[in-house]
Amino acid sequence: MFYAESLIEEVRMKNDIVDVVSGYVKLQKKGSSYFGLCPFHNEKSPSFSVSPSKQMYYCFGCGAGGNVLTFIMEYENYSFPEALKYLADRVGVELPQQEMNEEMKRQQDLRSRILEMNKMAAKYYYYQLRSEHGIQAMNYLKGRMLSDETIHKFGLGYSTKYGNDLYKYLKSKGISDELLAQSGLMNVDEKRGMYDKFWNRVIFPIMDVNGRVIGFGGRVMGDGKPKYLNSPETKVFDKSRNLYGLNIARTSRKKYMLVCEGYMDVISMHQAGFTNAVASLGTALTSQHASLLKRYTDEVILTYDSDEAGVKAALRAIPLLKEAGVATKVLSMLPYKDPDEFIKALGTEEFQKRIDEAQNSFLFEIDILQRNYDMQDPQSKTAFYEETAKKLMAFDQELERENYIEAVASRYGVGFDALRKLVNRMAMKNVPIPKTPVKIRQARQEKDEGVVKSQKLMLTWLIEYPSLYPVVKKFLKKEDFSTELYETVAGLLFEQYDAGERNPARIINHFTEPEEQREAASLFNTTIQVETNADREKAFKETLGKILSHSLEQRTASLDPTDMKGLQEMIADRKKLAQIQKIQVKFGE
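UniProt numbering puts the sequence shown at residues 1 to 589.
For the record, the hints were derived by calculation from the structure and aren't laboratory data.
Take the hints with a grain of salt, since some may be wrong.
[Claimed, not checked] Using C-beta positions, here's what the derived DEER-type ranges look like:
#1 LYS337 with LEU179: 39 to 47 angstroms
#2 GLU76 with LYS171: 31 to 39 angstroms
#3 MET393 with LEU179: 50 to 58 angstroms
#4 PHE416 with LYS44: 51 to 59 angstroms
Virtual Cβ for every residue (Gly too), placed ideally from N, Cα, C.
Please model the entire structure based on the sequences and the hints provided.
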(Lines of atoms letter the chains of each structure in order from A; the text may use other names.)
(Lines give C-alpha, C1' and ligand atoms only; values in the text may rest on other atoms or scores of the structure.)
Protein backbone atom coordinates (compact mmCIF):
# COMPACT_ATOMS: atom_id res chain seq x y z
CA MET A 1 0.00 0.00 0.00
CA PHE A 2 1.19 3.56 -0.75
CA TYR A 3 1.63 5.86 2.25
CA ALA A 4 2.14 9.61 1.99
CA GLU A 5 5.70 10.75 2.68
CA SER A 6 4.40 13.12 5.36
CA LEU A 7 2.82 10.19 7.23
CA ILE A 8 5.99 8.09 6.98
CA GLU A 9 8.00 11.03 8.29
CA GLU A 10 5.56 11.53 11.17
CA VAL A 11 5.98 7.90 12.25
CA ARG A 12 9.76 8.11 11.93
CA MET A 13 10.08 11.37 13.87
CA LYS A 14 7.89 10.12 16.74
CA ASN A 15 10.10 7.03 17.14
CA ASP A 16 13.43 8.30 18.49
CA ILE A 17 16.08 5.97 17.13
CA VAL A 18 18.07 5.77 20.37
CA ASP A 19 14.92 4.80 22.28
CA VAL A 20 13.95 2.13 19.74
CA VAL A 21 17.41 0.62 19.20
CA SER A 22 18.16 0.51 22.93
CA GLY A 23 15.29 -1.96 23.22
CA TYR A 24 17.39 -4.39 21.16
CA VAL A 25 21.00 -3.32 21.79
CA LYS A 26 22.75 -2.19 24.98
CA LEU A 27 24.00 1.29 24.12
CA GLN A 28 26.58 3.47 25.84
CA LYS A 29 26.99 7.18 25.14
CA LYS A 30 30.35 8.31 23.76
CA GLY A 31 30.52 11.93 22.76
CA SER A 32 27.49 12.91 20.71
CA SER A 33 26.65 9.31 19.67
CA TYR A 34 25.80 5.99 21.29
CA PHE A 35 27.73 2.75 20.72
CA GLY A 36 27.00 -0.92 21.22
CA LEU A 37 27.68 -4.39 19.83
CA CYS A 38 26.23 -4.71 16.34
CA PRO A 39 23.13 -6.95 16.22
CA PHE A 40 23.77 -7.77 12.56
CA HIS A 41 27.17 -9.43 12.86
CA ASN A 42 29.28 -11.04 15.57
CA GLU A 43 31.77 -8.70 17.22
CA LYS A 44 33.55 -8.24 20.54
CA SER A 45 34.30 -4.51 20.36
CA PRO A 46 31.42 -2.07 19.82
CA SER A 47 31.40 -0.61 16.30
CA PHE A 48 27.65 -0.02 16.08
CA SER A 49 26.91 3.71 16.26
CA VAL A 50 23.54 5.42 16.81
CA SER A 51 23.40 9.16 16.18
CA PRO A 52 20.58 11.16 17.85
CA SER A 53 21.29 14.21 15.69
CA LYS A 54 21.17 12.29 12.41
CA GLN A 55 18.49 9.86 13.70
CA MET A 56 20.51 7.12 12.00
CA TYR A 57 22.54 4.06 12.93
CA TYR A 58 25.66 2.76 11.24
CA CYS A 59 28.01 -0.16 11.89
CA PHE A 60 31.61 0.56 11.01
CA GLY A 61 32.27 -3.18 11.07
CA CYS A 62 29.70 -4.64 8.65
CA GLY A 63 28.27 -1.52 7.01
CA ALA A 64 24.69 -1.98 8.23
CA GLY A 65 22.98 1.38 8.46
CA GLY A 66 19.82 3.40 8.03
CA ASN A 67 17.08 5.08 10.02
CA VAL A 68 14.67 3.65 12.59
CA LEU A 69 12.50 2.08 9.87
CA THR A 70 15.52 0.38 8.32
CA PHE A 71 16.56 -0.98 11.71
CA ILE A 72 13.18 -2.62 12.37
CA MET A 73 13.09 -4.02 8.81
CA GLU A 74 16.55 -5.58 9.19
CA TYR A 75 16.26 -6.79 12.78
CA GLU A 76 12.72 -8.13 12.62
CA ASN A 77 12.91 -9.10 8.92
CA TYR A 78 9.81 -7.00 8.28
CA SER A 79 8.75 -5.55 4.96
CA PHE A 80 8.54 -1.75 4.78
CA PRO A 81 4.75 -1.71 5.43
CA GLU A 82 5.17 -4.12 8.37
CA ALA A 83 7.93 -1.99 9.92
CA LEU A 84 5.89 1.16 9.42
CA LYS A 85 2.85 -0.41 11.11
CA TYR A 86 4.96 -1.69 14.01
CA LEU A 87 6.42 1.76 14.67
CA ALA A 88 3.09 3.50 14.09
CA ASP A 89 1.42 1.23 16.67
CA ARG A 90 4.30 1.91 19.05
CA VAL A 91 3.60 5.65 19.13
CA GLY A 92 -0.14 5.59 18.53
CA VAL A 93 -0.21 6.82 14.93
CA GLU A 94 -3.16 5.40 12.99
CA LEU A 95 -2.35 4.28 9.46
CA PRO A 96 -5.03 4.36 6.75
CA GLN A 97 -6.41 0.93 5.94
CA GLN A 98 -5.59 -0.57 2.58
CA GLU A 99 -8.56 -0.71 0.28
CA MET A 100 -8.95 -4.29 -0.88
CA ASN A 101 -11.27 -5.87 -3.36
CA GLU A 102 -13.43 -8.80 -2.28
CA GLU A 103 -10.96 -11.45 -3.43
CA MET A 104 -8.06 -9.78 -1.58
CA LYS A 105 -10.16 -9.58 1.58
CA ARG A 106 -11.15 -13.24 1.25
CA GLN A 107 -7.54 -14.40 0.82
CA GLN A 108 -6.27 -12.27 3.70
CA ASP A 109 -9.05 -13.55 5.94
CA LEU A 110 -8.26 -17.14 4.97
CA ARG A 111 -4.56 -16.70 5.82
CA SER A 112 -5.40 -15.12 9.16
CA ARG A 113 -7.84 -17.90 10.07
CA ILE A 114 -5.36 -20.65 9.11
CA LEU A 115 -2.64 -19.00 11.21
CA GLU A 116 -5.02 -18.79 14.16
CA MET A 117 -6.02 -22.44 13.67
CA ASN A 118 -2.35 -23.49 13.56
CA LYS A 119 -1.78 -21.65 16.82
CA MET A 120 -4.67 -23.53 18.40
CA ALA A 121 -3.36 -26.86 17.06
CA ALA A 122 0.15 -26.15 18.36
CA LYS A 123 -1.24 -25.50 21.85
CA TYR A 124 -3.32 -28.67 21.64
CA TYR A 125 -0.31 -30.82 20.62
CA TYR A 126 1.80 -29.14 23.32
CA TYR A 127 -0.77 -30.09 25.96
CA GLN A 128 -1.07 -33.70 24.71
CA LEU A 129 2.69 -34.27 25.03
CA ARG A 130 2.45 -33.41 28.71
CA SER A 131 -0.65 -35.53 29.33
CA GLU A 132 -0.84 -39.26 30.03
CA HIS A 133 -1.37 -39.84 26.29
CA GLY A 134 2.07 -38.38 25.54
CA ILE A 135 4.20 -40.53 27.84
CA GLN A 136 5.73 -42.55 24.98
CA ALA A 137 6.52 -39.41 22.99
CA MET A 138 8.01 -37.66 26.02
CA ASN A 139 10.15 -40.72 26.76
CA TYR A 140 11.35 -40.64 23.15
CA LEU A 141 12.39 -36.99 23.44
CA LYS A 142 14.06 -37.56 26.79
CA GLY A 143 15.81 -40.58 25.26
CA ARG A 144 17.19 -38.21 22.65
CA MET A 145 18.66 -36.25 25.58
CA LEU A 146 16.46 -33.18 25.11
CA SER A 147 15.96 -31.00 28.16
CA ASP A 148 12.61 -29.64 29.35
CA GLU A 149 13.85 -26.17 28.39
CA THR A 150 14.59 -27.26 24.81
CA ILE A 151 11.26 -29.09 24.45
CA HIS A 152 9.50 -25.94 25.62
CA LYS A 153 11.64 -23.61 23.48
CA PHE A 154 10.67 -25.37 20.27
CA GLY A 155 7.05 -25.92 21.36
CA LEU A 156 7.25 -29.67 20.78
CA GLY A 157 4.02 -31.63 21.07
CA TYR A 158 2.29 -34.95 20.41
CA SER A 159 -0.63 -36.11 18.29
CA THR A 160 -2.47 -39.00 19.95
CA LYS A 161 -3.03 -42.49 18.52
CA TYR A 162 -6.60 -41.60 17.68
CA GLY A 163 -7.15 -40.25 14.17
CA ASN A 164 -9.81 -37.71 15.02
CA ASP A 165 -8.74 -36.10 18.31
CA LEU A 166 -7.59 -32.80 16.81
CA TYR A 167 -10.58 -32.77 14.44
CA LYS A 168 -13.03 -33.04 17.34
CA TYR A 169 -11.15 -30.39 19.31
CA LEU A 170 -11.17 -27.86 16.47
CA LYS A 171 -14.81 -28.59 15.65
CA SER A 172 -15.64 -27.85 19.29
CA LYS A 173 -14.14 -24.42 18.70
CA GLY A 174 -16.63 -23.79 15.89
CA ILE A 175 -14.28 -24.28 12.94
CA SER A 176 -15.98 -25.42 9.74
CA ASP A 177 -15.02 -28.47 7.68
CA GLU A 178 -14.41 -26.17 4.71
CA LEU A 179 -11.74 -24.25 6.61
CA LEU A 180 -10.27 -27.41 8.11
CA ALA A 181 -9.88 -28.85 4.62
CA GLN A 182 -7.68 -25.88 3.64
CA SER A 183 -5.62 -25.90 6.83
CA GLY A 184 -3.26 -28.79 6.02
CA LEU A 185 -4.15 -30.36 9.37
CA MET A 186 -6.67 -32.84 7.96
CA ASN A 187 -6.94 -35.58 5.37
CA VAL A 188 -10.17 -36.21 3.49
CA ASP A 189 -11.32 -39.34 1.67
CA GLU A 190 -14.63 -40.90 0.71
CA LYS A 191 -14.46 -43.82 3.16
CA ARG A 192 -13.23 -42.12 6.33
CA GLY A 193 -14.41 -38.59 5.67
CA MET A 194 -12.22 -35.98 7.41
CA TYR A 195 -9.57 -37.12 9.90
CA ASP A 196 -6.31 -35.89 11.44
CA LYS A 197 -3.27 -35.77 9.18
CA PHE A 198 -0.97 -36.34 12.16
CA TRP A 199 -1.58 -39.13 14.65
CA ASN A 200 0.76 -40.99 17.01
CA ARG A 201 3.59 -38.61 16.20
CA VAL A 202 5.93 -36.24 18.00
CA ILE A 203 4.97 -32.84 16.61
CA PHE A 204 7.43 -30.13 15.54
CA PRO A 205 5.67 -26.78 14.99
CA ILE A 206 7.16 -24.95 12.02
CA MET A 207 7.39 -21.18 12.46
CA ASP A 208 8.12 -18.36 10.08
CA VAL A 209 10.77 -15.76 10.88
CA ASN A 210 8.22 -13.77 12.88
CA GLY A 211 7.36 -16.70 15.15
CA ARG A 212 3.96 -17.53 13.62
CA VAL A 213 3.08 -21.23 13.34
CA ILE A 214 2.73 -21.93 9.60
CA GLY A 215 2.86 -25.73 9.55
CA PHE A 216 3.92 -28.89 11.35
CA GLY A 217 6.27 -31.83 11.07
CA GLY A 218 5.62 -35.17 12.74
CA ARG A 219 7.92 -38.08 13.70
CA VAL A 220 6.04 -41.36 14.01
CA MET A 221 6.18 -43.34 17.25
CA GLY A 222 7.03 -46.94 16.43
CA ASP A 223 7.60 -48.43 12.99
CA GLY A 224 4.89 -46.62 11.02
CA LYS A 225 5.56 -45.06 7.63
CA PRO A 226 6.55 -42.49 6.67
CA LYS A 227 8.99 -41.87 9.50
CA TYR A 228 8.65 -38.09 9.09
CA LEU A 229 5.56 -36.34 7.76
CA ASN A 230 5.18 -32.64 6.94
CA SER A 231 2.21 -30.36 6.44
CA PRO A 232 1.20 -29.93 2.79
CA GLU A 233 1.56 -26.49 1.26
CA THR A 234 -1.21 -24.11 2.25
CA LYS A 235 -1.98 -20.40 1.99
CA VAL A 236 0.56 -19.79 4.78
CA PHE A 237 3.09 -22.60 4.28
CA ASP A 238 5.55 -22.94 1.39
CA LYS A 239 8.29 -25.40 2.32
CA SER A 240 10.62 -24.12 -0.41
CA ARG A 241 10.61 -20.63 1.14
CA ASN A 242 10.91 -21.42 4.85
CA LEU A 243 13.65 -22.91 7.03
CA TYR A 244 13.11 -24.71 10.31
CA GLY A 245 14.68 -22.86 13.23
CA LEU A 246 15.26 -19.62 11.34
CA ASN A 247 12.98 -17.69 13.72
CA ILE A 248 15.60 -18.34 16.43
CA ALA A 249 18.78 -18.59 14.32
CA ARG A 250 18.28 -15.16 12.76
CA THR A 251 19.01 -13.53 16.13
CA SER A 252 22.26 -15.46 16.62
CA ARG A 253 25.40 -13.35 16.81
CA LYS A 254 27.42 -15.84 14.75
CA LYS A 255 28.62 -14.62 11.36
CA TYR A 256 27.61 -17.88 9.65
CA MET A 257 24.65 -20.27 9.61
CA LEU A 258 24.72 -24.04 9.98
CA VAL A 259 22.40 -25.76 7.52
CA CYS A 260 21.48 -29.33 8.37
CA GLU A 261 18.94 -31.93 7.27
CA GLY A 262 16.23 -32.38 9.88
CA TYR A 263 14.30 -31.15 12.88
CA MET A 264 16.24 -33.16 15.45
CA ASP A 265 19.58 -31.99 14.08
CA VAL A 266 18.50 -28.37 14.51
CA ILE A 267 17.09 -28.92 17.99
CA SER A 268 20.12 -30.89 19.23
CA MET A 269 22.50 -28.26 17.89
CA HIS A 270 20.56 -25.42 19.50
CA GLN A 271 20.58 -27.27 22.81
CA ALA A 272 24.36 -27.68 22.49
CA GLY A 273 24.73 -23.92 22.02
CA PHE A 274 24.84 -23.78 18.21
CA THR A 275 21.81 -21.52 17.95
CA ASN A 276 22.57 -20.55 14.34
CA ALA A 277 21.40 -23.91 12.94
CA VAL A 278 18.51 -24.27 10.47
CA ALA A 279 17.12 -27.02 8.21
CA SER A 280 15.08 -27.25 5.05
CA LEU A 281 11.61 -28.73 5.52
CA GLY A 282 11.52 -32.22 4.07
CA THR A 283 12.94 -31.04 0.77
CA ALA A 284 16.30 -30.33 -0.82
CA LEU A 285 17.68 -26.82 -0.43
CA THR A 286 16.13 -24.54 -3.06
CA SER A 287 17.18 -21.27 -4.67
CA GLN A 288 14.48 -19.60 -2.54
CA HIS A 289 16.12 -21.07 0.59
CA ALA A 290 19.48 -19.74 -0.58
CA SER A 291 18.04 -16.26 -1.12
CA LEU A 292 16.41 -16.40 2.32
CA LEU A 293 19.73 -17.32 3.94
CA LYS A 294 21.45 -14.45 2.12
CA ARG A 295 19.16 -12.02 3.96
CA TYR A 296 20.73 -13.09 7.25
CA THR A 297 24.28 -14.22 6.52
CA ASP A 298 27.10 -14.20 3.97
CA GLU A 299 28.41 -17.63 4.94
CA VAL A 300 26.83 -21.07 5.32
CA ILE A 301 28.37 -24.27 6.67
CA LEU A 302 26.59 -27.36 5.38
CA THR A 303 26.24 -29.97 8.13
CA TYR A 304 24.43 -32.65 6.18
CA ASP A 305 24.61 -36.34 7.06
CA SER A 306 27.86 -38.02 6.11
CA ASP A 307 26.14 -40.76 4.06
CA GLU A 308 25.75 -40.78 0.28
CA ALA A 309 22.42 -38.97 0.42
CA GLY A 310 23.99 -36.21 2.52
CA VAL A 311 26.86 -35.82 0.04
CA LYS A 312 24.44 -35.52 -2.87
CA ALA A 313 22.39 -32.96 -0.97
CA ALA A 314 25.53 -30.88 -0.36
CA LEU A 315 26.51 -31.04 -4.04
CA ARG A 316 23.04 -29.80 -5.02
CA ALA A 317 23.10 -26.99 -2.46
CA ILE A 318 26.57 -25.57 -3.21
CA PRO A 319 25.82 -24.01 -6.64
CA LEU A 320 22.50 -22.59 -5.39
CA LEU A 321 24.23 -20.88 -2.48
CA LYS A 322 27.03 -19.61 -4.71
CA GLU A 323 24.50 -18.11 -7.13
CA ALA A 324 22.83 -16.33 -4.19
CA GLY A 325 26.20 -14.86 -3.16
CA VAL A 326 26.66 -17.02 -0.05
CA ALA A 327 30.14 -18.36 0.73
CA THR A 328 29.85 -22.06 1.54
CA LYS A 329 31.84 -24.64 3.49
CA VAL A 330 31.13 -28.29 4.20
CA LEU A 331 31.56 -29.86 7.63
CA SER A 332 32.74 -33.46 7.98
CA MET A 333 31.10 -35.52 10.73
CA LEU A 334 32.87 -38.79 10.03
CA PRO A 335 32.90 -41.32 11.58
CA TYR A 336 29.44 -40.25 12.79
CA LYS A 337 26.33 -39.88 10.67
CA ASP A 338 24.80 -36.58 11.78
CA PRO A 339 25.35 -33.64 14.18
CA ASP A 340 23.22 -35.21 16.90
CA GLU A 341 25.33 -38.41 16.97
CA PHE A 342 28.58 -36.46 16.76
CA ILE A 343 27.78 -34.08 19.62
CA LYS A 344 26.55 -36.89 21.87
CA ALA A 345 29.74 -38.89 21.19
CA LEU A 346 32.44 -36.22 21.21
CA GLY A 347 30.87 -33.09 22.70
CA THR A 348 30.47 -29.48 21.70
CA GLU A 349 34.16 -28.52 21.74
CA GLU A 350 35.01 -31.15 19.14
CA PHE A 351 32.03 -30.11 17.04
CA GLN A 352 33.21 -26.50 17.15
CA LYS A 353 36.62 -27.70 15.96
CA ARG A 354 34.94 -29.38 13.00
CA ILE A 355 33.12 -26.10 12.25
CA ASP A 356 36.43 -24.23 12.38
CA GLU A 357 37.98 -26.83 10.05
CA ALA A 358 35.03 -27.00 7.63
CA GLN A 359 36.17 -27.57 4.06
CA ASN A 360 35.91 -25.01 1.29
CA SER A 361 32.94 -26.04 -0.87
CA PHE A 362 34.95 -26.01 -4.12
CA LEU A 363 37.61 -28.33 -2.67
CA PHE A 364 34.81 -30.54 -1.34
CA GLU A 365 33.39 -30.79 -4.88
CA ILE A 366 36.82 -31.72 -6.23
CA ASP A 367 37.28 -34.38 -3.55
CA ILE A 368 33.94 -35.93 -4.49
CA LEU A 369 34.80 -35.67 -8.20
CA GLN A 370 38.08 -37.51 -7.58
CA ARG A 371 36.19 -40.57 -6.32
CA ASN A 372 35.11 -41.27 -9.91
CA TYR A 373 38.68 -41.67 -11.16
CA ASP A 374 41.43 -44.22 -10.65
CA MET A 375 44.39 -42.08 -9.64
CA GLN A 376 46.73 -45.04 -10.22
CA ASP A 377 45.84 -45.13 -13.91
CA PRO A 378 47.60 -42.38 -15.96
CA GLN A 379 44.72 -41.95 -18.42
CA SER A 380 42.09 -41.74 -15.66
CA LYS A 381 44.30 -39.39 -13.67
CA THR A 382 44.68 -37.07 -16.67
CA ALA A 383 40.92 -37.09 -17.22
CA PHE A 384 40.46 -36.05 -13.58
CA TYR A 385 42.81 -33.09 -14.00
CA GLU A 386 41.01 -32.03 -17.18
CA GLU A 387 37.62 -32.05 -15.41
CA THR A 388 39.14 -30.17 -12.51
CA ALA A 389 40.60 -27.58 -14.90
CA LYS A 390 37.12 -27.04 -16.38
CA LYS A 391 35.75 -26.32 -12.92
CA LEU A 392 38.65 -23.96 -12.17
CA MET A 393 37.72 -21.92 -15.25
CA ALA A 394 34.57 -20.81 -13.44
CA PHE A 395 36.60 -18.33 -11.35
CA ASP A 396 36.59 -15.03 -13.23
CA GLN A 397 38.99 -13.21 -10.93
CA GLU A 398 42.58 -14.08 -11.76
CA LEU A 399 43.91 -13.97 -8.20
CA GLU A 400 41.09 -16.18 -6.89
CA ARG A 401 41.61 -18.66 -9.73
CA GLU A 402 45.37 -18.80 -9.06
CA ASN A 403 44.76 -19.44 -5.35
CA TYR A 404 42.46 -22.36 -6.14
CA ILE A 405 44.89 -23.77 -8.71
CA GLU A 406 47.58 -23.66 -6.04
CA ALA A 407 45.33 -25.39 -3.49
CA VAL A 408 44.27 -28.14 -5.92
CA ALA A 409 47.84 -28.67 -7.15
CA SER A 410 49.10 -29.09 -3.60
CA ARG A 411 46.23 -31.38 -2.62
CA TYR A 412 46.50 -33.76 -5.59
CA GLY A 413 50.23 -33.77 -6.25
CA VAL A 414 50.32 -32.03 -9.60
CA GLY A 415 52.65 -29.18 -10.55
CA PHE A 416 51.18 -25.69 -10.13
CA ASP A 417 52.50 -24.50 -13.50
CA ALA A 418 51.25 -27.61 -15.29
CA LEU A 419 47.74 -27.24 -13.89
CA ARG A 420 47.67 -23.50 -14.58
CA LYS A 421 48.70 -24.08 -18.20
CA LEU A 422 45.95 -26.67 -18.56
CA VAL A 423 43.36 -24.21 -17.18
CA ASN A 424 44.63 -21.40 -19.41
CA ARG A 425 44.62 -23.63 -22.48
CA MET A 426 40.99 -24.55 -21.91
CA ALA A 427 40.07 -20.95 -21.11
CA MET A 428 41.60 -19.71 -24.38
CA LYS A 429 39.17 -21.88 -26.31
CA ASN A 430 36.15 -20.25 -24.65
CA VAL A 431 37.05 -16.78 -23.38
CA PRO A 432 38.05 -13.84 -25.65
CA ILE A 433 41.25 -12.00 -24.74
CA PRO A 434 40.43 -8.67 -23.06
CA LYS A 435 41.16 -5.69 -25.29
CA THR A 436 42.22 -3.46 -22.40
CA PRO A 437 45.56 -4.40 -20.75
CA VAL A 438 45.24 -5.59 -17.16
CA LYS A 439 47.36 -2.78 -15.69
CA ILE A 440 45.22 -0.12 -17.37
CA ARG A 441 42.01 -1.80 -16.16
CA GLN A 442 43.37 -1.95 -12.61
CA ALA A 443 44.39 1.72 -12.70
CA ARG A 444 40.92 2.70 -13.90
CA GLN A 445 39.29 0.61 -11.22
CA GLU A 446 41.43 2.18 -8.48
CA LYS A 447 40.62 5.65 -9.80
CA ASP A 448 36.87 4.93 -9.88
CA GLU A 449 37.00 3.58 -6.33
CA GLY A 450 38.79 6.75 -5.22
CA VAL A 451 36.12 8.95 -6.79
CA VAL A 452 33.32 6.97 -5.13
CA LYS A 453 35.00 7.33 -1.73
CA SER A 454 35.40 11.08 -2.34
CA GLN A 455 31.69 11.41 -3.11
CA LYS A 456 30.73 9.49 0.04
CA LEU A 457 33.09 11.65 2.12
CA MET A 458 31.63 14.85 0.68
CA LEU A 459 28.06 13.80 1.54
CA THR A 460 29.13 12.94 5.10
CA TRP A 461 30.80 16.33 5.51
CA LEU A 462 27.70 18.07 4.21
CA ILE A 463 25.58 16.40 6.88
CA GLU A 464 28.02 17.03 9.71
CA TYR A 465 29.01 20.57 8.73
CA PRO A 466 26.11 22.62 7.31
CA SER A 467 28.47 25.59 6.86
CA LEU A 468 30.04 23.75 3.91
CA TYR A 469 26.87 23.71 1.80
CA PRO A 470 27.07 27.31 0.46
CA VAL A 471 30.62 26.56 -0.73
CA VAL A 472 29.78 23.15 -2.24
CA LYS A 473 26.71 24.54 -3.99
CA LYS A 474 28.91 26.90 -6.02
CA PHE A 475 30.93 23.99 -7.42
CA LEU A 476 28.76 20.85 -7.50
CA LYS A 477 25.35 19.80 -8.79
CA LYS A 478 23.64 16.51 -8.02
CA GLU A 479 24.59 15.30 -11.54
CA ASP A 480 28.28 15.45 -10.53
CA PHE A 481 27.75 12.37 -8.39
CA SER A 482 28.51 9.29 -10.47
CA THR A 483 25.89 6.67 -9.53
CA GLU A 484 22.12 6.92 -9.61
CA LEU A 485 21.80 6.37 -5.86
CA TYR A 486 24.51 8.93 -4.99
CA GLU A 487 22.92 11.46 -7.35
CA THR A 488 19.50 10.89 -5.77
CA VAL A 489 20.87 11.30 -2.23
CA ALA A 490 22.81 14.44 -3.20
CA GLY A 491 19.71 15.91 -4.88
CA LEU A 492 17.52 15.25 -1.83
CA LEU A 493 20.14 16.71 0.50
CA PHE A 494 20.56 19.84 -1.64
CA GLU A 495 16.76 20.27 -1.70
CA GLN A 496 16.67 20.05 2.09
CA TYR A 497 19.34 22.70 2.54
CA ASP A 498 17.63 25.00 0.05
CA ALA A 499 14.43 24.57 2.10
CA GLY A 500 16.29 25.40 5.30
CA GLU A 501 16.43 21.94 6.86
CA ARG A 502 18.87 19.06 7.37
CA ASN A 503 17.29 15.62 7.83
CA PRO A 504 19.38 12.62 6.69
CA ALA A 505 16.99 10.10 8.26
CA ARG A 506 14.20 11.41 6.03
CA ILE A 507 16.38 10.83 2.97
CA ILE A 508 16.59 7.14 3.91
CA ASN A 509 12.77 6.99 3.70
CA HIS A 510 13.09 7.66 -0.03
CA PHE A 511 14.43 4.12 -0.49
CA THR A 512 12.38 0.99 0.20
CA GLU A 513 14.94 -1.74 -0.60
CA PRO A 514 17.13 -2.67 2.43
CA GLU A 515 20.33 -2.74 0.35
CA GLU A 516 19.65 0.75 -0.99
CA GLN A 517 18.91 2.00 2.52
CA ARG A 518 22.15 0.49 3.79
CA GLU A 519 24.17 2.05 1.00
CA ALA A 520 22.46 5.42 1.45
CA ALA A 521 23.26 5.31 5.17
CA SER A 522 26.93 4.64 4.41
CA LEU A 523 27.06 7.92 2.48
CA PHE A 524 26.58 9.80 5.74
CA ASN A 525 29.10 7.77 7.76
CA THR A 526 32.40 7.99 5.88
CA THR A 527 35.48 9.21 7.73
CA ILE A 528 39.16 9.98 7.14
CA GLN A 529 41.92 10.48 9.67
CA VAL A 530 43.07 14.10 9.87
CA GLU A 531 44.99 15.69 12.73
CA THR A 532 44.29 19.41 12.32
CA ASN A 533 41.67 21.71 10.82
CA ALA A 534 44.22 22.74 8.21
CA ASP A 535 44.55 19.09 7.16
CA ARG A 536 40.77 18.76 7.00
CA GLU A 537 40.45 21.90 4.85
CA LYS A 538 43.15 20.60 2.52
CA ALA A 539 41.35 17.23 2.27
CA PHE A 540 38.07 19.03 1.55
CA LYS A 541 39.56 20.96 -1.35
CA GLU A 542 41.19 17.82 -2.78
CA THR A 543 37.89 15.91 -2.45
CA LEU A 544 35.89 18.69 -4.08
CA GLY A 545 38.38 18.90 -6.93
CA LYS A 546 38.40 15.14 -7.47
CA ILE A 547 34.60 14.96 -7.74
CA LEU A 548 34.34 17.90 -10.15
CA SER A 549 37.30 16.74 -12.23
CA HIS A 550 35.82 13.24 -12.63
CA SER A 551 32.45 14.71 -13.59
CA LEU A 552 34.13 16.85 -16.26
CA GLU A 553 35.95 13.81 -17.66
CA GLN A 554 32.70 11.85 -17.91
CA ARG A 555 30.85 14.71 -19.58
CA THR A 556 33.70 15.39 -22.00
CA ALA A 557 33.66 11.77 -23.15
CA SER A 558 29.94 11.88 -23.94
CA LEU A 559 29.55 15.49 -25.11
CA ASP A 560 27.91 16.04 -28.49
CA PRO A 561 30.12 18.57 -30.41
CA THR A 562 26.95 20.38 -31.53
CA ASP A 563 25.73 20.85 -27.94
CA MET A 564 26.73 24.49 -27.41
CA LYS A 565 24.95 24.80 -24.06
CA GLY A 566 26.74 21.73 -22.71
CA LEU A 567 30.05 23.05 -24.01
CA GLN A 568 29.54 26.39 -22.26
CA GLU A 569 28.72 24.61 -18.98
CA MET A 570 31.92 22.57 -19.34
CA ILE A 571 34.02 25.69 -19.84
CA ALA A 572 32.43 27.32 -16.78
CA ASP A 573 33.08 24.22 -14.65
CA ARG A 574 36.71 24.08 -15.78
CA LYS A 575 37.10 27.63 -14.51
CA LYS A 576 35.57 26.58 -11.22
CA LEU A 577 38.06 23.73 -10.97
CA ALA A 578 40.90 26.25 -11.09
CA GLN A 579 39.31 28.31 -8.30
CA ILE A 580 38.99 25.51 -5.73
CA GLN A 581 42.40 26.03 -4.15
CA LYS A 582 41.60 29.71 -3.52
CA ILE A 583 38.39 29.18 -1.53
CA GLN A 584 38.19 29.77 2.21
CA VAL A 585 36.35 27.13 4.16
CA LYS A 586 35.66 26.54 7.85
CA PHE A 587 34.38 23.33 9.39
CA GLY A 588 31.68 24.09 11.89
CA GLU A 589 27.93 24.10 12.48
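Point to revise | C-beta pair GLU76, LYS171: status relative to the range 31 to 39 angstroms that was hinted | key: holds, 35 angstroms
Check your understanding: Between MET393 and LEU179, does the beta-carbon spacing fit 50 to 58 angstroms?
Key -> With a Cβ separation near 55 angstroms, MET393 and LEU179 satisfy 50 to 58 angstroms, so the hint holds.
**Study point:** Supplied distance hint 39 to 47 angstroms, evaluated on CB atoms of LYS337 and LEU179
**Key:** Because 41 angstroms falls inside the window, the suggested range holds.
Review point. So does PHE416 sit 51 to 59 angstroms from LYS44, Cβ to Cβ?
Key: At 38 angstroms between Cβs, range violated.
Comparing the model with each earlier hint shows a violation of hint 4 alone; every other hint is respected.
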